[in-house]
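With the hints in hand, could you dock these two chains into one complex?
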Amino acid sequence: MSRTASMAPPLRPVEFYVLLALAQGETHGYGIIQATERQSDGRVRLDPGTLYRALARMQDEGLIAESARRAAEDLDDRRRRYYSLTETGRAAAAEEARRLAGLVRAATETDLLDDPEIA
Amino acid sequence: MSRSERTTLARALVRAASVVLLLYPRRFRTRYGADMTEVFVDVCLVRSGGSPARRLARAGRTLLGMARSGLAERLGRRPEPHYRIPHDRHARSGVSLVNGILQDVRYAARSLRKQPAFTALVVGMLALGVAANATIFSALNSAVLRPMPFADPDRLVVLDEIAPQWGLESVSIAYPDFHYWNERNRTFESMAVYDTTMFNLSVDGRPDRVYGARVHWRLLHVLGLEPVVGRDFTAEDFEEGAPPVTLVSERFWHERLGGDTEALGSPVRFDSREFTVIGVYPDEAVLPANAVAWTLLSAGANCCELEGDHSWWLEGIGRLAPGVTIEQALADLQAIHAGLVPELGSSREIATPRLDPLHELLVADTGPMLWLLFGAVAILLMIACANIAGLMLARAARRGREMGVRAALGAGRARIIRQLLTESLLISVAGGAVGVLLGHLGMRRIMAALPLQAQGWVQIQADWRTFLFAIAVAGGTAILFGLAPALYATRSGPQGVLSDAGRGSAGKGRRRALGLLVTVEVALAVVLLVGAGMIGGAFRSLTERDLGFNEEAFVGSLTLPEATYPDADARRAFWERLDERIGALPGVELSGLTTLAPLSGHTGWFFDIEDGIELPEEESRPVVLTRFATPGYLEALGVEYLAGGPFEAVPPGEEEDPFGVVVNETFARTFWGRTDVLGKGVRNGDERPWLPIVGVIRDTRHYGPDRPMRPGVFMPFGVYGQPSLGTFALRSEARAADQLLPDVRAIVGELDSDLPLFRAGTLSEHLGEHLWAQRLYASLLAAFGALALVLALGGIYSTLSYVVSERRTEIGIRMALGARRAQVVREVVAAGMKVVAAGLVVGLGLAWLAAGAAASLLEGANPRDPALYAVVVALLGAAALGANLLPARRASRTEPASAIRTE
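One line per chain: the protein sequences are R and X, in this order.
Numbering-wise, the first sequence is residues 56 to 174 according to the working numbering.
Numbering-wise, the second sequence is residues 62 to 964 according to the working numbering.
Bear in mind the hints are in silico, worked out from the structure with no lab data behind them.
This structure is a prediction, so every number in the text was calculated from the model and none was measured.
There's no promise every hint is true.
Said to hold, decoys possible - For each label pair, taking beta carbons as the anchor points, the in silico distance ranges come out as: (1) R:E150 x X:A533: 30 to 38 Å; (2) R:D115 x X:L907: 50 to 58 Å; (3) X:A883 x R:E150: 48 to 56 Å; (4) X:T68 x R:Q94: 28 to 36 Å; (5) R:D115 x X:V80: 24 to 32 Å; (6) R:D115 x X:L132: 17 to 25 Å; (7) R:E150 x X:N160: 55 to 63 Å; (8) X:Q176 x R:A156: 24 to 32 Å; (9) R:E150 x X:V80: 39 to 47 Å; (10) X:Q176 x R:D96: 32 to 40 Å; (11) R:A156 x X:L936: 50 to 58 Å; (12) X:I162 x R:D96: 39 to 47 Å; (13) X:L132 x R:Q94: 24 to 32 Å.
Note that the Cβ used here is the ideal one computed from N, Cα and C, for glycine as well.
Pulled out of the complex, with its shape left as it was, chain X reads as follows (with noise of 0.2 Å):
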């Protein structure tokens, strides 16, 4: 460059910078103006540096930057190190941010494996939170949000029947109606029926009861399914007379015919009757529940005349036609319904067609409860989530020292950020995976745990959604606790990092934080806490409720199928053998025979009532429980009497004589408004005679403690016949229940070796399977409370040691200056119980809101039950106390010297 261009672009440069040190303020101007002026002309004409596109594009920069600095001592701030740094080569290409990734990787699974005790807590306390989550969150999808495996779920409709005269709300079907509604509707594409039942299964000479159906031909077809192998039933196996065909469940066919194409065609015994196999059915046929296999309805006796008399006794599905609604349907059906009244009598009237929405009743009672579990699980990941950040926040203090040493040597702040990011996605992704895992595991457990009647539809599957779930929750909580901390701790660029940590304003601010942190951790464990105590208390007061009956009672069922047992005689015979040898048996003190047990199910018969009151419109012909037992069996159940005694057996031949019978409270306020009813009679029927009541009893709860007890009576065993399914049972005070039954099963082996017995058990475990929901949610809830409180407590000691550890040079000080050991166990502890008083009434508040609105799903729950949040209360604080004790005792424990010193 000649002397003359110099002088020139000098002459350039010094007007352009004039203009920008205007933005200088007036004195710094007058002082250093043309000392800055001077350098700038030199760094842009002395720098070599090739074209002079480059040296104007040089000159910007510079003057951009002495643009910036003239803002900043203008407005007082403090100047950043605006120093240019000459990019990396790798800089401007994309492979650099996969290196520095890559990087960030490397150095962030090295450094958290120098921590490992800190790694594994964070990772555990995610993995936990993601578990609990997912696990919650895969039965929510299974029973509520995931579609239903059949083809167009949403045209398929329950159908049933429903009388209110009787008190019922779902009478089932009976088979007449089923028919005419089949041929004459004009708004389903198709229907079905079915009922499901259990069958002894004969296989390799091993009795075994399995649950079944009998089903109407064209079931699979309206579930819009298709068999698997083989063929679906037709029109022509439903008629009389058809050979008897079996459909098997997939499981079935892999488990006992081997999975083999051969099996087809081979035939299979259930209730000592053969059937062929002509297909498999998919295991998404989860109607009718449970179902290891279909015969069909035909094949059985009484099943599908259209004349005499009928039960209501079967279970119906349809598929809407396209564009129908359920409303247009249902008026369809009445219609049909209104014109069978003079073929089939004016039950038709009382009984009329019920629709409901196949959705709405596999989830009806499931959903409001899992939605509050879920809530539950929420709170627990907020409490892991809160205590992570909590250690990741006290964490990143430590670590200023580190941070500031990278700043100084060059990283940036986005670098740095970055880096902490990288680290706390790396743990999240761990946590993450361990929990899924965790989750499935959990899953196992808990589908295991259920009984066996609860595992067909609620089939707990992980599927896609779930794991999205979980890598949200797990993804989220990387941002929540890795961001704040990174931002925090780098914010006052890096010689804020530098300086000490716990001193000063930065100090302060992330105490306050942890404070914060521990008062939500507290609130949430007592919100948690008073939840599971609320449903712990209903599911308690469920078990406790007087039955009516001696739960201790142990009994089991079996039956008798026709093949082997033909007629009444037959059947009588074995009955009577079996209440012998049962009563014969050492230990045995009270046992009978009954056709239905508590908890075992329903038979309604209508009673004519002798004198009896004016009954409402509506409820005007209630149907009656009725259940034929021998005196040893009412004894043997406990009944407690509140007028009169027992019937007496009635020998063979005499049933057609009036014999006692016993009701319940209920039959007698219902019928004659009092309980002093004994000589009244009743009568099933106007060709059987008048019966006398000998015995009013106390209601047994039946249907279990949380549903209702209706009109109920026993007769004498045997009187309208001899039942084909029997239950006995016994008591024995000497003799365990687990003693008894091989003993029972000896007897009923020897009697007929092909009988499997089923249902054996006392009816507390009886009750136990009944409430199996009930408990399944209060043990899950329990355990998460648990949890929380286990994790608060952590979440609280962590703190505060950490807080006492940062604080440990005023303490030595005020030790040194003479506070005394107990003085400063006192302050430390009353500031620690200060953020969790603050948790305790925050908690408080929101858990008397809470569980306001979660009583209403549950019935016994008692959400203001003052002695609850007493305990809650008491529990948590006390528990505070310990963990603050700990970390406050080994603070006065701090040798003054060593502490100053140290700083």
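Chain R extracted, bound-state conformation (with noise of 0.2 Å):
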């Protein structure tokens, strides 16, 4: 079942981190794990096993979907699959962000961002 994303539920954050690491460009698995760990400074790093079950539901979303390109060059020449987004994707993907960023605005007009877990 796909989904429209005026209808979305807020994604989880591991869907999340999927869709900013493949809106970035296409990317295989071992892709997304390492755009997310750079992007977070190295706090946010995926686990393989959780990695590929939220892809896998992603796909059944339509969120996410292989892409046709293979590696044409690797480091042992396996084949691996690649993912891109699309337009669903990343509509929610948009959405997401501009929701968190709105949360974060109320969030600094608190005192919540004092808090240095946080910050």
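What follows is the structure, given as structure tokens:
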């Protein structure tokens, strides 16, 4: 069952990370892990199990799709699956980003962002 | 790492991964297995990171994570966000825990400060519940639970005598009996007797009347106490002719003698006699009750001779020898007592020794009632907690977004729960502190309201047990109402909390919980209100009981000390002048004198009866309440005659001739079985003439509305000697008691400036004092009931307000679709009243049971009074309706458009 962006409940964090990583371009599973780690300054390291379960689900929901591309050259010439954002996925990611931005704005108005754990 | 090493390692990793992948469902494994293996190998190899051991650890951790995901996928559960967050640098040390807690506290304080109304409400409710609990628990503690302040209090027993044949369970002790018991016993370590009395104290020319005691010299020793300063009494002090000495209480020493050791050896005047202060006894000597000073029995007249006529008038206390039981001691005393018959007469067969443990006597009347009050207060606290739980639940829902943000940005569930729990603890600590303070003030207030004679043994003090209890209550409620909403709010993870409040199952569950809380509150309130109503009714029936005399009568008492009124003529002169002057006061219509006014104690004599009926063996010689009075007194008292009328006053010199007496109904029925006994004769002793009965009156409830009346007789004032203790009574339509008091005081002052007037007041005031305990309980319960009602209504109102605000969208839609305002109001109110009704039903059932159990503790309480239940239900129901109506009306004013738009 695919979903439309306007009806989407908030994304799970894993899903958002995946979409965020794929927004920068098609990549494979390991690429997503690397991108996420880089973007969070090493604080978020995705577990392969978690990641692939999320990928499976997001494919079912139509947020991502397997890309046609295959690695032409690779370190060990292995075949990996590549993934890319669908339109729906892009819209959902944008919506989520907006939602989170709004929350962060609200948090800034309170004292939440004084808390070093969060900042 | 060399290439071959890498390959070997890679192969090992692949093999490990393939094992773990078996946990995944086959389809998943087929589809993603290869990719996952590759990623796994890359993660383990590419990550730089030092020693092989560390790599191994990392590999293991990753495999574990994959295994968990595999199981989750197989079981179809949604995956948790299992990414690893590197620990804080501080996380490993204990410092982080303290820092974390401090942080939580600061954050909690901040967030509570931002909602002052909520915080004030919650802290206030908790403080109220804790205060009530702490107060009652302190009373319970000091009256029942705390050990008595004497050394080895379990070995202390109360000495007394019992005479069923006289109709007396407690006769008091005659001195010779005590003397022989003391001399001949083998089971007591020591014993002593005393008499509580009042002294006229003269300090700085101002007469005052204080409670004191005349004691046997060993009393302090029996109690196991020692003087604070100075010395105790000795056997020499107790000998005839020894100089009069006194021990004073600590409080007296501080207040009247300046707390100065110089005061030892200085004189004080009691009843116009000089006594030397030899020592100070500690405040722990709560027996005899309220006494500010002790003098020796031997210092008074007619005390300690062993021959001649005796009265039973002393109270006694004894300390059992180690290892002796109270039964053994009683047998010992009874044997001694039996041996006294030849010496002291057959009365020693009728009045025999009686022993009771000291603790029982001090606690007897109050224990059950205090437990009842405790139950009431516990219910109050439960209602307050239910309110607080509801408020916290609603607040947790509203803070869902905040929690979601925190969760999404990295705070674990445990951390969030810790945060919410800290808030609850903060509230509890604040509530507990304020509650203990309020409770302390409340106790002081209650203590001040107690009449003087009660204050002695009811010394309500907060000690460590009270504080412990208050903390337990406060802490318990913190866990109760802090944890549940916290768990609830975070159970579905951050995404669950971020989803809109009010939608779907989370909202519904919350609403159901709130409804349940309201039901519980209402049920508890019903129980408490029924209890309060029942006890209030019992108290009212006591006060409304017909006492057989006119309560408006104004009375006051005086004693004439021996020193200034040494003989009968002196006393007669005083009483006659007093009677005359009082009668002459403007506005006084009726007045007279007596030796014993109602509610002032007991004097018992024995009478021979002319032509009386056969009396049962067990009560063959009932004691008779004997009072002497002027005819004017009987009028002022307002007694009602069933037959005949008052006697005439007896002129001086004619006391030996027969004169008329007045008896009460119980007297007539006891001795003759009927009330038309005019002309029958009674006499007190063989040497005295038969006295004809000239009047039979309806019983006056001399001992109070809660105690039975005994046979009673009135004889003319002054016939058997002029009393030294007398009471006047007067009635005035025109002038109020407080206007008359200064006039009476002036008269007394003119007649004798050294005499203090005591126990002055109307009989209805005396009645109030007599029933102080019952009134206190009834007032307290009424207050608790009112509080419970207010709290329950508050809970109903706030719950419905919250529910309505959550369902604003729905209501808005319905109104947009045409539902009328009145309809909406009706439906909202109906929903609200449903839980209230459930609470009423449950409450009625519980109250039925509880009232039945409680009524056994109180006389006059009617636990099955249908009017009471009806009133409570009507009251609560109507109030609840009002509390539901307000939010419902507000809901009906929702603008449909804005309600929908906001969503």
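Hint-by-hint comparison with the structure:
no.: 1; hint: R:E150 x X:A533: 30 to 38 Å; result: violated, 51 Å
no.: 2; hint: R:D115 x X:L907: 50 to 58 Å; result: holds, 54 Å
no.: 3; hint: X:A883 x R:E150: 48 to 56 Å; result: violated, 42 Å
no.: 4; hint: X:T68 x R:Q94: 28 to 36 Å; result: holds, 32 Å
no.: 5; hint: R:D115 x X:V80: 24 to 32 Å; result: holds, 27 Å
no.: 6; hint: R:D115 x X:L132: 17 to 25 Å; result: holds, 20 Å
no.: 7; hint: R:E150 x X:N160: 55 to 63 Å; result: violated, 37 Å
no.: 8; hint: X:Q176 x R:A156: 24 to 32 Å; result: holds, 26 Å
no.: 9; hint: R:E150 x X:V80: 39 to 47 Å; result: holds, 40 Å
no.: 10; hint: X:Q176 x R:D96: 32 to 40 Å; result: holds, 35 Å
no.: 11; hint: R:A156 x X:L936: 50 to 58 Å; result: holds, 54 Å
no.: 12; hint: X:I162 x R:D96: 39 to 47 Å; result: violated, 27 Å
no.: 13; hint: X:L132 x R:Q94: 24 to 32 Å; result: holds, 29 Å
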